[in-house]
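The chain contents come next:
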Amino acid sequence: MRVRLEGVVKRFGATTALAGVSQEIREGELFTLLGPSGCGKTTTLRILAGFVDPDEGEVYFDDVPVRGVPPAERGVGIVFQNYALWPHMTVFDNVAYGLRLRRMPTAEVRRRVEQVLEQVGLLGLEDRTPGQLSGGQQQRVAVARALVLNPRLLLLDEPLSSLDAKVRARLRSEIRRLQQELRITTVYVTHDQEEAMVISDRIAVMRDGRVAQVGTPVELYERPADLFVADFVGTNNLLPGTVTGLRDGWAELATPAGVVRGRAARPLQSGGRAVLAVRPEALRISDGTPADVGVPGRVALSQYLGSLVRYEVEVEGGRVLLVDVHNPKGQIVLRPGQRTTVSFDPEAALVFPEEAP
Amino acid sequence: MSVEVAREAAWPRVRPRRRVPGWLWATPVYAFLLLFVVYPLIRLLAEAVTDEAGRLSLTYLAQFAGDPFYRKALVNSLWVAGGTVLGCLALGLPAAFLLVRYDFPGRELWSYLTVLPIVMPPLVGIMGLVFVLGRAGTVNVLLMDYLGLARPVNFLYGWHGVLLAMVLHYFPLVTLNVVDALTKVDASLEEAAEAMGSRGLRRVRDITLPLLTPGLVSGATLVFILSFADFATPLVVGMQDLLAAQAYLNIVQFVDRRLFRMGLVVGALMSLLAIGFLLVARRAVAMREYAVVSYRAVERRPLRGAWRLIAPALFATALGLAFLPHLGLLLAAFGKAWSLTPLPTRFTLEHFDQVLHLTPTYVVNSLRWGAVAVALILVLGVSIGWMLARTSLPGRELVDSVVTLVLALPGTAVGIAYLRAFHAPLAGITLTRSWFVMPLVLAVRRMPYTVRATFASLLTVHPAMEEAAASVGASSLRTFLDVSLPLIWRGVVAGALFSLLFALQEAAATILLVLPGWETITVGIFTFYTSGTFGQAAALGVVLVTLSAAILYAIYRLTGARLGGLFGSGGG
Chain P
40 MRVRLEGVVK
50 RFGATTALAG
60 VSQEIREGEL
70 FTLLGPSGCG
80 KTTTLRILAG
90 FVDPDEGEVY
100 FDDVPVRGVP
110 PAERGVGIVF
120 QNYALWPHMT
130 VFDNVAYGLR
140 LRRMPTAEVR
150 RRVEQVLEQV
160 GLLGLEDRTP
170 GQLSGGQQQR
180 VAVARALVLN
190 PRLLLLDEPL
200 SSLDAKVRAR
210 LRSEIRRLQQ
220 ELRITTVYVT
230 HDQEEAMVIS
240 DRIAVMRDGR
250 VAQVGTPVEL
260 YERPADLFVA
270 DFVGTNNLLP
280 GTVTGLRDGW
290 AELATPAGVV
300 RGRAARPLQS
310 GGRAVLAVRP
320 EALRISDGTP
330 ADVGVPGRVA
340 LSQYLGSLVR
350 YEVEVEGGRV
360 LLVDVHNPKG
370 QIVLRPGQRT
380 TVSFDPEAAL
390 VFPEEAP
Chain H
21 MSVEVAREAA
31 WPRVRPRRRV
41 PGWLWATPVY
51 AFLLLFVVYP
61 LIRLLAEAVT
71 DEAGRLSLTY
81 LAQFAGDPFY
91 RKALVNSLWV
101 AGGTVLGCLA
111 LGLPAAFLLV
121 RYDFPGRELW
131 SYLTVLPIVM
141 PPLVGIMGLV
151 FVLGRAGTVN
161 VLLMDYLGLA
171 RPVNFLYGWH
181 GVLLAMVLHY
191 FPLVTLNVVD
201 ALTKVDASLE
211 EAAEAMGSRG
221 LRRVRDITLP
231 LLTPGLVSGA
241 TLVFILSFAD
251 FATPLVVGMQ
261 DLLAAQAYLN
271 IVQFVDRRLF
281 RMGLVVGALM
291 SLLAIGFLLV
301 ARRAVAMREY
311 AVVSYRAVER
321 RPLRGAWRLI
331 APALFATALG
341 LAFLPHLGLL
351 LAAFGKAWSL
361 TPLPTRFTLE
371 HFDQVLHLTP
381 TYVVNSLRWG
391 AVAVALILVL
401 GVSIGWMLAR
411 TSLPGRELVD
421 SVVTLVLALP
431 GTAVGIAYLR
441 AFHAPLAGIT
451 LTRSWFVMPL
461 VLAVRRMPYT
471 VRATFASLLT
481 VHPAMEEAAA
491 SVGASSLRTF
501 LDVSLPLIWR
511 GVVAGALFSL
521 LFALQEAAAT
531 ILLVLPGWET
541 ITVGIFTFYT
551 SGTFGQAAAL
561 GVVLVTLSAA
571 ILYAIYRLTG
581 ARLGGLFGSG
591 GG
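Those sequence lines, one after another, are chains P and H.
Using my numbering, you'd call the opening residue of the first sequence number 40 and step up by one each time.
Using my numbering, you'd call the opening residue of the second sequence number 21 and step up by one each time.
One chain only, chain H, in its complex shape (with noise of 0.2 Å):
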């Protein structure tokens, strides 16, 4: 080998190429941002304090505080919300830390279960509930014919019903988080406060919990707004002094201006109380910033004793709980006519033939709404989280914040601004009557997940690898396809199957926006169960599970099980 062979070629040249300059595909990304979540929020927002002559008014205002049923209304969401959080955190950090600290038998398969009550939203598990516990549940019926109760013990009708609910579906969103920030906790900080002298309890409340703080505070966050939020829930189980029921109910209803107009303070109230929430936990969040370079995981520890049976006892308690709701389900859709005895006497597919071949509506709709809101996340989230990422735009730092202000807003408000704002034409389209605003409205909604994941699997990517490329002649989109796109590509999609899973379980703002013949799985699934064709709801409801469970099932085989930073709110 010599080094003339090695010299022989002058340095091949490549064609100089112009760069696209940033604003010039940032303004789109802007452009929507701005238009279809700024722009209605605002509207929302100005509606709560103006009049029908558009003139500015605080009566309306007024109005909301001075009626005793909206404060108890507001009380009782804020109950719900809190003892939700109360809930998850009771269940979800015990939990996480028996999986990530602890071997005992069956911990894999436990890791693996805990997140599957994802796959059952609230509305659905509530359902499948009342179908046990509820009046005429298995249960009720068993007590009052064997045990001769004359009356039927209520399980679920009033918030100790909504919170059950909540918390069994909620709870993995705090394992998850908490799990996620256990497992970075570096191994030496804990043998350091060890060595001093800090153990046990105490050196978890010194050290490892304010460790922790930045993924409770973004699991807790997020499960105070989703419950805060919810009004399908909430009704299924009769309740109905909640202001996100309240706010559904005066806008369906459209007989009543007034009403109506009580129906627009209180989404507003919402947003704005979300947004709170939002900057409380982000300034908890923002202030215990740990970086991470590298970091030894700390060792995991048998169980000793009676605790080898009490942790896998837990974990099939709650999870037994919240598999509950599905047993329940799956009795509903399979059973035939179906009431007063514990189980089904006969079993049918008639359900299953009304919802997927009869009327496949809701299916097909829910799948096409997904399908186009998923290829307008992937454009826009994978832009965003780029910009987020890579570059130093102006403007950058508003883009986060929308973009976690999208996380942090009731569905419910999403869903009565996009009818406020957009009920009128637009450059010759009144929105609110094309199809196009469902699959617009889910996406949306749901981008932020898609945003995290592709900024999250960019930040593992190293700048210089780009840089690397770039050195030996790469343009940007070069780099990006042969270099970036490889290494992320498992998480973005990973990110945008969550989005896909929460899109098709979505149950607030398309309820309020949908139209006949756009009516979405969970459209149907309420409004046959308020009607009382429970059969046929509870048949959709096991297609939305499965559905749900097949997209989770992807998601792991596609990540390997690393989902914890998907979930938070705060941070990033």
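Pulled out of the complex, with its shape left as it was, chain P reads as follows (with noise of 0.2 Å):
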């Protein structure tokens, strides 16, 4: 199922919860709702399941308008933060209530439950209440009382939150699984960039209430389209400054640092301010004596991670650079205290207007 917001606007009180969202959610892919506490994605996802209905706008299911219709007229399975499993009913019982509403035959009801179990691994577990099962378990319940009656979407919201780091990066991966295997079109609210960029087809970057841009986990990173998704998806190194010279879309920022060049991502004006964000991978560091070009300072701190040593290095004006430098095997790791240059190809950073506070 496709599914269209259109202007949709959202307040309550004085706040604005949603202040114009429009976007296409397409046929089968699972698009996320990434953003800071507050940004309107949950409230995006209570209007797409109906418990809201927006002030301004419209969404449509099938370009069919859904306003006014209750949730359960709507075809969505939605997952719940905390999982909202009845506490009082089995496992059985939670998956099998919506079908009972139905008044399903019995062998029927227990024929499509004990699919959908199998279907998330939990198949033998039917007789046990939530109490008795694990935080991923319950999650996993959580998805098959929303997956029972065969929804046309999808909701998800925040569903790894509340589980450790291991248990969330197997079942973001089932997740993922899963709605490949149903092509059942989804919408994943989380805060999580990196589960975000992990699970998605598409990434919609949430702030205040509106879409700050939407794209694949590879577009977001590559191209952020303002300093704040850059900031937000992935580690950016952060350099501002007054823009001195603009040229065939490169731009040339004057930093306490030192002299940087980059592309320049947005317009610019020349004597403006502007900052310049490169990720810690693209950052060079050279051993000791400095360099011709680049920025001189400081290492501060260095962690050796096995797979990649990370390097803090204080530079001019007080701003620390990350620096990445992979695959270390083992190569004389700068110690803290030294004097280097860090460089970049300037490819590989982009320059932003800075935004007013």
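Not the full set, but computed from the structure, chain P residues with beta-carbon under 7 Å of chain H: (1) Pro110; (2) Ala111; (3) Ile117; (4) Phe119; (5) Ala123; (6) Trp125; (7) His127; (8) Gly137; (9) Leu140.
Simulated from the structure, these hints should not be mistaken for lab results.
For glycine and all other residues, C-beta sits at the position ideal for the given N, C-alpha and C.
Once you've looked at the hints, go ahead and assemble the two chains, each given alone in its own frame, into the complex.
As structure tokens, this is what we get:
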């Protein structure tokens, strides 16, 4: 099923949760709403679910407006943040509840519950109550309960946020596998950018009730549309300064750390304030003696992580740059206090106009 | 397992349903509260500032203020209530700390027993005490016979006796509130203080006590208001110069119209004072509402050395004292023609034959009014609790205030207010002449316990659980029946049982409203005792205590003994 939001606005009292969101979600894709808390992602999900109606704008499921259609008639399956499993019912009863409401014959209920429990790998635990399950198992029950009615749209609200890291990594792969197997249109809400990158076909980064940028994980990482996205998706080193030169899409920036060059990601004004963003893995570091090109600095911290060494280099003006050196293979590691020069290919750096605070 | 199988069945449709608009079921609730709480209260307050002809007049207020006797009664009432609170804190606070934080021989048993004094209302308690410690009670008879005392020792007659009976009955309210608050204090809060060097009593003062304030204030306010409003207990030991006693005595005499008016004024003043106390308490609590999301309990420590004996000894003394009235009550109820001997010389069942068999009116009436009241309470209380926890209907805050107000209003004042508000025909019915007024006033007075229990139980049911049911097609009613109700029924029933327990023990509003033929157990105890028929008063007391104990046992079985939050008067 395709979903389309058109100019959706939602206010709660004096605060505007959604300030005009228009977005298309394609048939069968896993679409993630990513953003910090209060950005409007959960409100968007609740509007899709039918728990709240937008104040302005409209939501279409396959071109049919759904305003006023209650949740149960929208054909959506919802996985809640805290699972919301009914503690007084067994796993089987939790999953079967929606089927029984529809007066489905007992044998059919059993067949469909077992089938969906098999899909999520919980067959054999039907008679347990939620309290007897681990967090990860509870999450699978919640997914099974959302899937058993064969929804046209699956909505997941931070489904992994209360699980520990290892279980989280395993479950997100399983959710992705299940979603691709069933080819079910899915909207996934999270504030965890790594989770969003791993699981999504496309991601909408939200901020202050608006969509800041929509794109595939690669697009967001490689070509962030603004400083907020650049900072929120992945890690970026930010160097603010003044634009001293503009030519053929390149920008030269005077910063306290020195003069740097990068590609102008957005229209810039000569003499205006701007910020250069460059990722840790795009930075190179010289061993010891200062080089001709680059920014001089002093190693403040080095962390050996096996597959990479991460340096924190303090540059002129007090900024700290993160530099990742991959595959060090025991190569000599710079010690804290050593002088060094940080350099990068201008091709890998983006320059954004500075945003008003 | 193939994907095709999973997708074969189309999305099964459910019939669209129309939602019942909120105001449709909220209106009767609003109407009930307006008619049976707000209207009588306003009527009572208005009576205090008008004269016989209904003109605005401050004559009676001025008479109250100008009369040294009433001024003394006001001061006495404040002393009794304040003293009861202090006594309850002195007994209840250490008890709570010991029960929650320390381990000592018999701790489990004590924690069960501590709540037991609640089964004996102060009216019955003081009567039981009189049999043991009174002028001709066991102790005084022994003292006179064997030690040759010429005159009996006055253990009870006066405010010290009233204090004793009230503290023994009410201290569990403080203990329960503090136990509840104390078990919710996150261990890390105290550990953080300890890590900074705050230890022992200093840590208790700086960290623990402030965290307990809401529970402490709730318990103390409730005790204050209850002891302030009680008139039956002081009258049993002949204390008349208290506000509540004056209100009662002035109202029940129908000779002097001026005195009757003064009764109204006193009732109105008591209501205003109670509301004032409540506002002060709420302010103190509101500033200290701490949200507890998840907590790790502080680990219980074993008591060491002499304390291992002192702690159980403290409990044994307090509870021993609390059981003294039970002893006196039993002796008087089973004793035959008991007088001038330390213990009855012969025993008999005739008092029980009287109150259970020959004239079972009292017990039957109590159960009848109780049953009707609980039915009313369940309908109203659950509706209001739901409304407060789950809706944003207009007037919700007001309803919350009215419910808390009901908890604070003295029974005496409510009784007087009903007498004045409903003695004229209303839609063809003179309420004060219909038996329905008895269960009605009980329902109004005891409803807050059920509201609170419903509200508290609903808070433990995450709204997402209800949304999840709605999302798979359950109607609001179905969601309530299938998801909410199974999760809250224990709490709701426990709340309703508390309402029933305190409805059976009600000895203020009902004594004022009772007409011949409607007498309850407490009315019977009061009239039997004040007319000198001690044996039957005691037998009825035993019946009431037994009923109360049975109800309390049922509550324990239902809730697994987590009772604290039900007694709070602030917050929520």
